[in-house]
Amino acid sequence: MNNLSNLLNYWKASDQEVNWVLGTVYKTEGSAYRKAGAHMLINERGDYYGLLSGGCLESDIVLNARKVMQTKQSKQVVYDSFDEDGIAYKIGVGCGGKVYILLQNVTQSNRDVLEQMFSSLKRRVGGVFRQDISSNFMSFVEKPTPKPSSSYLEKSGDTESLVTFVSVDPHIMIFGGGLDAVPLVNFAKILGWYVSVIDPRPANARLERFPSADFLGKSIDENLLKYARKSGVRGAVIMGHSIKLDSESLLFVQKLQLEYVGLLGPKKRFQEIRRLINLKKKDLRNPVLGPAGLNIGGSLPESIALSIISQCHERFYRSHEEEC
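Heads up: the sequence shown begins at 1 in my numbering, then just goes up one per residue.
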């Protein structure tokens, strides 16, 4: 629940009558568990969603958040692993860095901002989230944003702000709603991803089997194509265990621009499917990884799901990290 979209989901489902504080890492120096742009929501009961550290600073952050609720003023807290008089040093934080945290009171106007951001992300629209470092002020504007989310400090006159590009959660479409897709969906949801499961067969892709899936589809058609484009599908896994379904799915994903396509089964099966639909390797719009998944060993559905989700995660995030 550590991405902003999931935090807002928990916040919306919680008691809105109590006071809330938004905690944000706005700067780090040296090694730190969370980087600038990490968020945490805390209420007056001491409940909190999200982490700003590995779990070692949260109790002190909650104490400081309560002070913010009382004063109605924002507060900056610095945790320095090398300051012998500081709380981070005393509790033995092992990251070896310095973390700057902003605590902002969720005023009525700020509730409106968080509501707006929640609504935008629900519609799978990202935007720019701006927080003044020295006050409770925050704002959100819808606009296309880079993937994944990123943050930077901006100074304008005497005002310093943290600017966060809030991107929508990665959307993965799984073709095949058999039992072996269950752990794959579960892993993706733990990561906070948006998940669609597609399977025309009546016994599969049922709500009872995939209660956490965001979308269950029964047809691979033009309507699904419109949905996939509008909702920003970034990756696909083809695991229907049916030559007919997998062939249809492979043709479908060629109509999308994807960062990841994985096909369950050996290379021989991939070649057989391509021959069946007369699709040459050079004509693939999206490179297909077959067999899907990293070679981590294990043969259980959970192991296979872990290998696939890891490979997909690498495609979504690794190139962006290397660019930073």
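Accuracy of the hints is not assured; some may be wrong.
[To be verified] Straight-line alpha carbon distances no greater than 25 Å define the calculated BS3-like cross-link-like pairs of lysine-lysine that follow:
id	residue 1	residue 2
1	Lys122	Lys155
2	Lys226	Lys244
3	Lys147	Lys226
4	Lys27	Lys67
It is worth saying that the hints were derived from the structure and are not from the lab.
Consistency of the hints with the structure:
1. Lys122 / Lys155: Not satisfied, since the Cα-Cα distance of roughly 31 Å exceeds 25 Å.
2. Lys226 / Lys244: holds (22 Å)
3. Lys147 / Lys226: holds (21 Å)
4. Lys27 / Lys67: holds (21 Å)
Of the numbered hints given earlier, the model fails hint 1 alone.
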